[in-house]
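*Asks:* Here is how the chains run, residue by residue.
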Amino acid sequence: MQTARPLLLGALAGLAMGGAAGTANAVEIEYWQYFFEARVNAMDQLIEQFEAANPDITVVHRHFPYADYRTRVAAAIPAGEGPDVVQLFYGWLNDYVDAELIQPLPTDVFEPAQIEADFFPMVQAMRRDDAYFALPTAVRSLALFYNERLFEAAGLDPDAPPQTLEELVSYAEQIAETDGAGNLTTVGITMGMTAQDHHWFREILVRQFGGEPYADDYRTVTYNSEAGQAALDFYVSLMTEHEVSQIGFMDEPQAAFRAGRAGMHIDGSFRIGALERTRGLPWRVAELPAGPDGIRSNFASYWVNAITTKADAERYDAAVRFMEFVTSPEAMDLWLEVVGELPARTEAALTDENTNDPVFGPFIRGLEYAHATKFANESDQRGEMMAMVDRIVLEDQSVEDSLAQAAEAEQAILDQYYE
Amino acid sequence: MLAQDRNRQIDRPATHRVWRTVGFPIWLYLSWYRSRTIRQKRVVWAWTFLSVPLLFYVVIRFYPTADAFWLSLHDWNLLSDMEWAGMSNFGRLAADPEFWQVFWNTFQYLLLGTPISLVIAFTIAYYLDQVRFMHGFIRALYFLPFLTTAVAMAWVWRWFYQPVPVGVFNNILAELGIAQQPFLRSTSQALPSVLAPAIWAGLGFQVIIFLAGLRAIPQSYYEAARIDGVSRLTILWEITIPLLKPTIVFLVVFSSIGFLRIFDHVFNMTTNDPGGPLNSTEPLVLMIYDTAFNGFQMGYAAAQTVVLFLVLLVVSLIQLRILRDR
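The listed protein sequences derive, respectively, from chains S and B.
Under this note's numbering, the residue at position 396 of the first sequence is numbered 423, and the numbers go up by one with no gaps.
Under this note's numbering, the residue at position 209 of the second sequence is numbered 220, and the numbers go up by one with no gaps.
Note that these hints are calculated values from the structure, not bench results.
It cannot be assumed that every hint is accurate.
Between beta-carbon pairs, the in silico distance windows are [as the list claims (entries may be wrong)]:
1) B:Gly102 with S:Ala102: 26 to 34 Å
2) S:Glu357 with B:Val179: 47 to 55 Å
3) B:Tyr233 with S:Gly209: 53 to 61 Å
4) S:Phe63 with B:Val179: 28 to 36 Å
5) B:Leu152 with S:Gly307: 34 to 42 Å
6) S:Glu55 with B:Phe261: 35 to 43 Å
7) S:Arg89 with B:Gln200: 26 to 34 Å
8) B:Arg143 with S:Gly209: 49 to 57 Å
9) S:Ala340 with B:Leu323: 45 to 53 Å
10) B:Leu123 with S:Val87: 47 to 55 Å
11) B:Leu247 with S:Gly209: 47 to 55 Å
12) B:Arg143 with S:Gly307: 33 to 41 Å
Bear in mind that the values here come from a model prediction, so they are computed numbers and not experimental data.
We put the CB at the ideal spot given by N, CA and C, even for glycine.
The shape of chain S in the complex, shown without the other chains (with noise of 0.2 Å):
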């Protein structure tokens, strides 16, 4: 005992005085974002690229589970730990502002009349007052998935997809099969709130049948009108009127598509990868059929990057350097390359190339007229969808009721939030 207490006491002191002494020239920042096998591979690539540009910067990346990311910020950048630049979804931007996780970008960069210049309007949800506080290297939209093979086995040209919604229907009903008993073995079309059918619904339906889904920068609910009726009804329809589809069919949209059951899919830009992966499918894309007034709208959403309220002296200007280059053009081409998001800046978008590309330009074409849905609470906003529809097949809720009911709710859910 005689001699372990000088030699505990020599250690502590020792370790006391080491962390005062290690100062270096280099600057180490540190970048968060959940896990997304393509995006944690690009963001990879990107910081060496970034590192070689920059010797004097070291980007330290970081990922962890979805589940729990939100959690870990929370908890870490209070604490003075944790990231210096952090990947957001937009529909975050509020709580993240409010609760001072993450700080204006410096005007004289990022300067706003500029940004809204060179991004894809729906960037400008990001900016408060005179400041960006987020800005995104990619966007993702939506289109109209097809089945090859089941289109020309339908006698339908895989070249011409549906450009109208009435077109769309008469599609449905030529692709969809049914066994003996009249159960649906194949659907035309795929159906489910759960997927994306509940932006498809929102943002796009609704506009084309003349109406608005929410006013007053998304805190008032608007969809309760006859538009958003005939929209509605519209959509219930391709499965109570057609029998072209069938909620729940295969278990979920995706899968239904993948296993080559469904002739059509709505589904996001971020379904690319899995469907390239997926052997013998003969898929194709669409831009999402336009309304019956010729209107096209698109829903799009994003991810962005911010610098947090813990990254301060020279960690901020490497911070800064940092965002400057994960929002540049260059960056947005190995994003598209790697991850098959498209790029937030029209310029690198819209390049012939990318608008000519069967896969990418109809999602690409899309984003010149998407919206983005301002969430208060994503999941919940579209459990509201899941039951609307859900009244009507299963508990024969009149189309007008179950709408009332739903805006109703969602609105209640908004108030909840912004009050």
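Please arrange chain B on chain S, whose structure you already have, making use of the hints.
*Replies:* Relative to the frame of chain S, chain B by itself:
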């Protein structure tokens, strides 16, 4: 001032602080320990070892429990500061029709699950107890589902329930010329459909416990009854079941708590619309999960947790009261 002097000035208070906060208490403790008797030293060691699990329970169990009660009186979205909310979370809960539906669902799991599973388990155990041929093998077969992960089992059953091109059950129905059943896509069939694999999963455990209980009944009672010429039904009713009471009490309480806390089966069988369709399968635990980790309304979720805690407490107390002694 020279750089060397500056360093010394910084270092000395740092060393001193380490000594004051860590070294000095250790030194004080060691000198106190050295002057104890052997008996006292033994007590110190006993408490040293006891303190580890005790500390673990306080930090991992009791502190979060107490914190949940505290949290239920606040509004907190994980990011901002906690705001005092008083009883408003509980008021909101009472006024939420979804909560009452979920509350009723939870009791449906309990009221259907516990008696059905116990009757089936007892029947199996009762007859299995009389079988000698391949007894061990059959028992192992019944126990197997208990060893399987709930997630894998739920997904397999979920596919069983699918409509025609995929689902086994509906394919059989279609072969027989019977109309398809919606199962998980129906507000009335979904809850029993989710409950079935949950009962099946717990069956093996209950059978084993019943078997142990049956074996523990002294044979002399049965011999005496047989000498008196009592019917088998009377033996079952008057001897077997009353003497199994401790086993039944244990299983009723244990499985009730299990059904009241059902989550993994429901969540995995309805991932696309957790607790759906139209909340018809949603149990309280799933609502808590959704409120906390999708809605980030931690205070409201904590209030639901408090309600679940009270329900579990009351149900367990009532059952112990009724079943134990009369």
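*Asks:* State for each hint whether it applies.
*Replies:* Hint-by-hint comparison with the structure:
For the pair Gly102 (chain B) and Ala102 (chain S), the supplied restraint of 26 to 34 Å holds, since their beta-carbon distance comes to about 29 Å. With their beta carbons about 52 Å apart, Glu357 (chain S) and Val179 (chain B) fall inside the hinted range of 47 to 55 Å. Checking the proposed 53 to 61 Å range against Tyr233 (chain B) and Gly209 (chain S) shows it holds: the Cβ atoms sit about 58 Å from each other. Checked against the hint of 28 to 36 Å, the pair Phe63 (chain S) and Val179 (chain B) passes, with Cβ atoms roughly 34 Å apart.
At roughly 39 Å, the beta-carbon separation of Leu152 (chain B) and Gly307 (chain S) lies within the given 34 to 42 Å, and the hint holds. For Glu55 (chain S) and Phe261 (chain B), the hinted distance range of 35 to 43 Å is not satisfied, since their beta carbons lie about 57 Å from each other. Separated by about 45 Å at the C-beta atoms, Arg89 (chain S) and Gln200 (chain B) break the suggested range of 26 to 34 Å. Judged by the Cβ atoms, the range 49 to 57 Å given for Arg143 (chain B) and Gly209 (chain S) holds: they are separated by roughly 52 Å.
A hinted range of 45 to 53 Å for the beta carbons of Ala340 (chain S) and Leu323 (chain B) is consistent with their spacing of about 52 Å. For Leu123 (chain B) and Val87 (chain S), the hinted distance range of 47 to 55 Å is satisfied, since their beta carbons lie about 53 Å from each other. The given range of 47 to 55 Å is respected by Leu247 (chain B) and Gly209 (chain S), whose C-beta atoms sit roughly 50 Å from each other. With their beta carbons about 54 Å apart, Arg143 (chain B) and Gly307 (chain S) fall outside the hinted range of 33 to 41 Å.
This entry does not satisfy hints 6, 7, 12, going by the numbered hints stated previously.
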